[in-house]
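Dock the two chains into a complex; use the hints.
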Amino acid sequence: MKTIFILALMLGFTSVFAQNFDNYTPLTCSGKIPDEFTTPSTKKYKSEIKKLEKNKIKKRERREREQFALESSFVIDDLLQSGLVLFGDPISAYLNEVAARVVAADPSFKKKVSIYALRSTAVNAFATDRGTIFVTLGLLAQLENEAQLAYILSHEMTHVQEGHALNLFLEAKEIRRNADKVAVYGKSKFDEKLLSKNRYSKQLESEADNKGLERFLRTGYTTDDLASVFDVLEYAYLPFDEIVFERNFFESGTYHLPDDYWLKDVAAIGSYRQQQDSLKSTHPDVSKRREEMVSRLKQSAKSGGTKFLVSEERFNQARKMARFELPDMFLHKSLTAEAIYIAHLLLQEYPDNAYLQKCVAKALYLQAKYKNDRDYTLRSSWAETEGESQRVQFIMDTISARENTVLGLRYAWQQHLRHPDDKELTAMTKDLFVELGQYSASLSDFSENAVTAAPAEQPEKEEKEVKKTEKKRSKYDKIKETRKKTETETNGWRTAFEDFKHSDDFKTAFDEGQKIYAKNKQHADYLASKKGVAETRKRLRDISKHGYRLGVNKVLVVNPFYLKLDARKENAIQYIQSESGQVRLSDIIGDVAKKAELKITQLDVAALNEGQADKFNDIRVLNEWFSEQLAYDKLPVTQGVNQAQVNAVADKYGVDHVLYTGVISLREKKKGAIFSFALGVLYPPLLPLAIYSAARPDYDMLYYAVVFNVKEGTFQTIKYDYFNLRDSDTLLKSHYYDTFLQIKAKPAKR
Amino acid sequence: MLMHKSLLAGFFTACYFVLSAQTPGYLGKKLSVQAEINSFFTRKGPTANNNGENGWYSDQETPGAIGMNWRAGLSVGYVISRRHQLYVSGDYLRTGIIHYAYAPYQIPFSDPELAEYSVFHEASGYSGAIGVRFFKTQAGALAPMGFYNGLALQATRLNANITRKALQSGEVSATPFGIENASALSLAANYEIGSNIIIRDKVLLTLGARLNIPLRLRKLDLFDESSAEVTGDYLADNKTLFERAAITRMAYLSVFSIHVGVGLLAH
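Those protein sequences? They're chains A and B, same order as listed.
For what it's worth, my numbering labels the leading residue of the first sequence as 1, then goes sequentially.
For what it's worth, my numbering labels the leading residue of the second sequence as 1, then goes sequentially.
Chain B extracted, bound-state conformation (with noise of 0.2 angstroms):
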């Protein structure tokens, strides 16, 4: 519901931009199409492929000591004023996602138990933004060329699959974690700062720095002690213990990143 309450307002504040503002551009040109890659780093986080400090998964694998997590897109730009640019973006990431998981296991003459295990993921998954960049005139900067900060809503969904696990405690089981196929949606806002440059009067570079700011706070198992509780239901306990992960993953492991940018600009 805050969700759609956000987009909402930010879709009737971009109308309002459009519709009494006049439309420079750079030598008229608002319309830019952009390729944009988002790195991401991760401190001994797991990767796409790389299960980070978590050597312990296979002898082949390298603990990770700074990896690098990517997202690739398009990103398109409309100015709307001297200082504003509208743009909306799409992009496609991969990335690592380690959680525990419990999958029971039989005990002759006893109740079945549950064993722990860590399981790892290998993530990707679609996300999209719609945002606005406010231009620096005061540092000679014009929509849009030149300095900008901005402000972006972002939705991430997440669709991962279990290419790893290791027994924690227990014994082994054969029953499935009910999560081999998941999926998960992550909201951020995103503030970011960067400086576009134009190049032979058609080219545009973007070089700059976002700060993600998760929405789904109470996902996080930074806010949710009741986190490690077993309710006893495994299947429902793992999907629980999955969004967590992916959530908390591409919120903390991607609070800070780098994006570059090269387009076009066109009328």
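So that you can see chain A by itself, here it is in the shape it has in the complex (with noise of 0.2 angstroms):
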């Protein structure tokens, strides 16, 4: 405990204050990798295995044990090596720290515990068997002091030291098997299992959360206060502060938010949430566990202590960290009105902040994108929202594809003339500009003179001629004068530019990204045509005959998935196959790569050793990249949210592209085998084919490829096919070798 103690404070010390808060650079892993990131799954499960034949238990529970094992080795290893938790970082540092605290006060708690701080929004906490306590940075950013942490990591050690997600695993197990005997009539089954679970699981919460307080107790921390930690939890769906969004933060100079898209009065907090169902829940009612605290603390005869053991000033630097990384974590999950208000949050103390600003044109231009395509229809979820970022939720759900693209150019356009050197920004200006050009052909269309003013009042005498005009006006004509009207009360667009489209540089941007888009509706109307269909359906005879031809050099293989199924087996997921599978799939790129005269570079986290911190951080950011492309889909976003790092990524490794790939088999239930045998019966000569069809084990594989080029954001699926058959090394070899020919063929002169 003393060397867990010894090393988070060196850690800590050296760490935490690197972080310059005006010039935020986003978190990295940094350090040694941990041996629990690299250490195959495999031999984590069997050293698991073999203290299981130190006890004696029984047979039934001696095979679920070992399957928990199995499990959990493998879903924790999957998640150590996703790239969403960070090591050697400050956060991590300060969290084992604090650990380290809670610790030292139990002499009891014998098991190793390492904390790690997760990258998700999520606001939650969890632990392990194995004693691996993940902190979200969406918790870390709720908190208010050191005391409320510590009491939250050991609430997580009572489970690592109990067992709970052992036993909530083997509980579930003979749950299922009772259920089964019970018939109950008129009653799902599954409901009553998922019930009688989820109550186990309050259980255990109940006890995680007495036994963790008893714990706290003994700490040197204070336990004024320490009840609001279910505050954190049950507003834990609100960001971490409640500022009122302003409408000034797009407005400036000329351009004024229209009033469609302006929210006066926002929902009350709490009125979307009152009602749970707790029965269907895993943890209990918060304001029980609350109750149940206070209770527990009347009769605890602890005084004194103190909010932050560790430090105050790291606590608010950790917590700081953690809230400036929320902006970008929202926008890799698309999600831009929460972006927004977040970056909003922390702009209130850093008003000039580059990152923050950064962010927002970031969440404008991805909006922007969405809503300029037209196969894609957002989820409106602003009722749902309440407190001030409702306000946010509205501009984005009901702001016009227009209106968003002419404000996020607007927005990236004053950050770029702030930052110029930032490609980042330089190319989400070039691209909206680009997507300006479906909505005006010129920037005369942007002036307060093309706004169309209210009709003066007539008078008296002019009346008799009024009506006479009136009469000879046709309806649409009156129709076109309303819509206008209405048109001119939305139209903030218009004075969007007022400020700078004088400058020769908008005037330059403005006419390229006219040029490019006529360019791009030229090419799309020549596909639409009966000349650029026929030519279509050529290539495509072309492509299926000789394959793609993408005339790439080299190439980044980032993390090739091997999976192996059986559908046969109750637990499906083969573990162990899919390991030593996914070795065996890096042994086969590797070789067919050079049979082909492709040159690859492989990134996989299984086959890092420690020293490559920086390895995991880059395959961390290809594939959160990744991620984000799989959800755009064909949404032409050229800009990923992480784009700066993904091209210093590529720039390291020399590439322009990079190459995601994997095998799913799947073993099925054999089908037919009879029918195939008695066919054989009853025509010989098909004898041999029969027996051989019914003998043969039911396979099948999905094999895929897909070239992304990381600079332009476009990608090219080489193939994504399903077959009937094995995965076995000839045709893993062939396909392999097929892929890369057509990724280095160079493509046919035109």
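It is worth saying that the hints were derived from the structure and are not from the lab.
A few of these clues could be false.
Restricting the straight-line Cα-Cα distance to at most 30 angstroms, the calculated cross-link-like pairs of lysine-lysine (DSS-like) are [stated by the list, open to error]:
1. A/K545 to B/K239
2. A/K599 to A/K423
3. A/K652 to A/K634
4. A/K669 to B/K239
5. A/K288 to A/K173
6. B/K30 to A/K599
7. B/K202 to A/K545
8. B/K202 to A/K594
9. A/K670 to B/K30
10. A/K599 to B/K29
11. B/K136 to A/K733
12. A/K595 to B/K29
13. A/K32 to B/K202
14. A/K595 to B/K136
15. A/K515 to A/K531
16. B/K165 to A/K719
17. B/K165 to A/K733
18. B/K30 to A/K733
19. B/K136 to A/K744
20. A/K615 to B/K136
21. A/K719 to B/K239
22. B/K136 to A/K594
23. B/K136 to A/K599
24. B/K202 to A/K538
25. A/K634 to B/K136
26. A/K32 to B/K30
27. A/K733 to B/K29
28. B/K136 to A/K746
29. A/K554 to B/K165
30. B/K30 to A/K554
31. B/K30 to A/K671
32. A/K744 to B/K239
33. A/K110 to A/K59
34. A/K423 to A/K531
35. A/K744 to B/K202
36. A/K744 to B/K30
37. B/K165 to A/K545
If you want it as structure tokens, here you go:
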């Protein structure tokens, strides 16, 4: 325990003061990669099995414990290798220091714990039986003091000490067995099982609350206001602060946000969260937990203590870092309103912060891309939001595509003027100028004078003339006039560029955007024409015959994925074979790339050694970018949320292209064996084939290979094929060879 | 003429594929050389050593129930695109042919008569084929590996010699039939399905089945009712009867065959 304490202290001392919030850089992992990140899951599982052999337990329980050890080893390692878990960072160091204080107060706590910060906006902390505790940045952002954090860690340590994860797993198995035996008339067995499981889960949570509190009481932390930790949980769905969102966040100079997009009154907090079905919850009701804690605190004789045993400054720093990470994390989930509101909260303290302003620019850019693409329907959620953040949500949900594009461009351009060397801002503005092309062909559209003035009051003597004129105008003229007036009222976009439209740079960028838009439109129109359709068909035939020809000589292969499933078994995922399959796949890719003479660099977390934290970070950056691209699907987003980081990684490895590839192998239950055999008996010449067909196992395989151009934000699916075959080495080699040839082959001259 | 045109068309088609396509192969290995065995069933028909259902030739012979004719040879394949493989093959075969033949005999003080015999030929020959295989990429195949179907043109030259004969009508005749050592040319178009399996990146195994469609249909008994007519020139008649029987034998009895091949892959 002392070792953990000292190590954490050393790490914390060296790292926590490195962050400059005025010039914020997102958190990365550093130092030595912890063993548990790179030790194969199979090894961990086997080590757990060895421990079980020492215990005298029944056969069925042993089997279930082995299953638990298997699943938990692989699932936890999946999380550790996902890039979401931070190590060597200031926050994790601080968390471990706090944990060391809690552990030091409890001599009976024998287990080794390691605490990691988890890049997630969720307000949560959870523990594994192996002693790994994860605290999300979303939770840290919401906490008020170190004592609250210490209590939460103490709660999680109880889960570790009591083996709750295993207990819940075994209990769930038991419940399922008993529920299957009991016939429940008129009620679904599934509901009964779920409710029983949830009841047990609540018991465990209550135990963690109580025993966690007992341990906490032995520390030097104060219990003053400790129950407010449940406020954190109760209001976890809200941002970490509630500050009025002013209209002038977007308005400045000549630009005014139209009234249509401004919510005058926001929903009161608490109005949508009052009814919770506690039966379906895995945790006890928050108010009951609070009451229990208050009651126990009254009974305890503890007094005094402090809210900060490690350091108030370090707590504030860690919390602030967690808060600064939030906009970026929300953007990765395309939650643009949330990102903007969090940035707004932080900009109160750092009004000129370039990172936060860029987050806002990215949010507006992303939102504009979604709105401009007619295939996407964004879910409107402003009605479910509470508090000031509802205003932002309302703007994002209701703003028109044109207004959004203009607003996004205005904001991005303003940032671009402040930071002309920032390539991300330059690229975003360029893309938004192109998007603008679908709405306006000329800068003269963006003018106050273009606004139609309301008609002046008519003098009496002209009344007859006015009535005469009215009668002459058609119904459609009148409708158009009315619509023009309505547009006038919402025409914020017209005045959006008054501040800079006269500058040469802006004009040049606008014209450039127009040209690119026109070219893209021409191309799209051509593709839709008869000739274009015929050319596309010809191209597809060519692809079918020769494959794609990308003309790429070097690619980065990231985390080749392999999964083995067996549908004949209760637990379909074959974890051990999946892990060994991944190693095999990686070897095959390396060998075949050499034969195909394609230069590749493989980045695989499982293959990293402890000194390669930089590669771990690179993988995280690319995985985040990849997840985004999957979410965007065909949306032409050329700038990812972390594009600058992605470009840096690409430059580091000297590539523009990244290959994401994997294999999923499924063994199915054999079907039609008897029919095949019967056919062979009826027609003897087919008997050998019939026997082969009847005996041959049913396998399916999914093989995919997608090449991304990370700098342009485009991708090409080389293969996404589904075969009724086993994933033999020769099959994989054959397809990878074909894939690599397609990547390498030069495009045909047109 | 038709045969020549077909072969030329096939050649130019192959050239088109070669000149226009990418040629990947299996890890770059495009060439394959295989030894192949084809077998075709002959239910109650004659094989190389057996008369089949015609057991009355000899008491020692067992009437055939399901007999096997076989051909063995070599096949050379070359991958010309992701989906196509060209191949040429040559093999050796043995079979038996039975048909009626005529030989004159002399009755004293009368014009010569023709005796009708049933003759058994032991036949052997060589065949050659040129074809193309189409690999099913949707099923995961990439030339030369995986499931395929194919088309080929095959020519077979059969040489036969009479080993047994049985008098059916008339008197015994010592006159030769004129077909003691005869030969016939058979042409067929093949449609095949099969699967290539690769072992240890080098060895190629093939298992397939072929449907053989005879091309010289006018020579078949089925379509030529005049086969029963005897023109009077027994030598010419015997030759015609042999040729029809040989082609019929090859056509009907090798309509469906199964083949197995094993060989090596090379660059």
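Verification of the supplied hints:
1. A/K545 to B/K239: violated, 49 angstroms
2. A/K599 to A/K423: Measuring from Cα to Cα gives roughly 28 angstroms; hence the hint holds.
3. A/K652 to A/K634: This hinted pair holds, its Cα atoms lying about 27 angstroms apart.
4. A/K669 to B/K239: violated, 60 angstroms
5. A/K288 to A/K173: holds, 28 angstroms
6. B/K30 to A/K599: holds, 22 angstroms
7. B/K202 to A/K545: Holds. B/K202 to A/K545 sits at ~25 angstroms (cutoff 30 angstroms).
8. B/K202 to A/K594: Holds - the C-alpha atoms of A/K594 and B/K202 are around 17 angstroms apart, at most 30 angstroms.
9. A/K670 to B/K30: violated, 35 angstroms
10. A/K599 to B/K29: holds, 20 angstroms
11. B/K136 to A/K733: This hinted pair holds, its Cα atoms lying about 17 angstroms apart.
12. A/K595 to B/K29: holds, 10 angstroms
13. A/K32 to B/K202: Status violated; Cα separation ~44 angstroms.
14. A/K595 to B/K136: holds, 24 angstroms
15. A/K515 to A/K531: holds, 23 angstroms
16. B/K165 to A/K719: violated, 64 angstroms
17. B/K165 to A/K733: Violated: B/K165 and A/K733 sit about 59 angstroms apart, past 30 angstroms.
18. B/K30 to A/K733: holds, 15 angstroms
19. B/K136 to A/K744: Judged against 30 angstroms, a Cα distance of about 23 angstroms means the pair holds.
20. A/K615 to B/K136: violated, 40 angstroms
21. A/K719 to B/K239: violated, 59 angstroms
22. B/K136 to A/K594: holds, 26 angstroms
23. B/K136 to A/K599: holds, 29 angstroms
24. B/K202 to A/K538: violated, 36 angstroms
25. A/K634 to B/K136: The hint holds at about 29 angstroms.
26. A/K32 to B/K30: Given pair A/K32, B/K30 is violated - Cα atoms ~47 angstroms apart, limit 30 angstroms.
27. A/K733 to B/K29: holds, 12 angstroms
28. B/K136 to A/K746: holds, 25 angstroms
29. A/K554 to B/K165: violated, 74 angstroms
30. B/K30 to A/K554: holds, 25 angstroms
31. B/K30 to A/K671: Violated. B/K30 to A/K671 sits at ~36 angstroms, over the 30 angstroms cutoff.
32. A/K744 to B/K239: Violated. A/K744 to B/K239 sits at ~61 angstroms, over the 30 angstroms cutoff.
33. A/K110 to A/K59: holds, 28 angstroms
34. A/K423 to A/K531: Outside the cut-off at roughly 38 angstroms; violated.
35. A/K744 to B/K202: Since the Cα atoms of A/K744 and B/K202 sit roughly 24 angstroms apart, the hinted pair holds (cutoff 30 angstroms).
36. A/K744 to B/K30: holds, 18 angstroms
37. B/K165 to A/K545: violated, 57 angstroms
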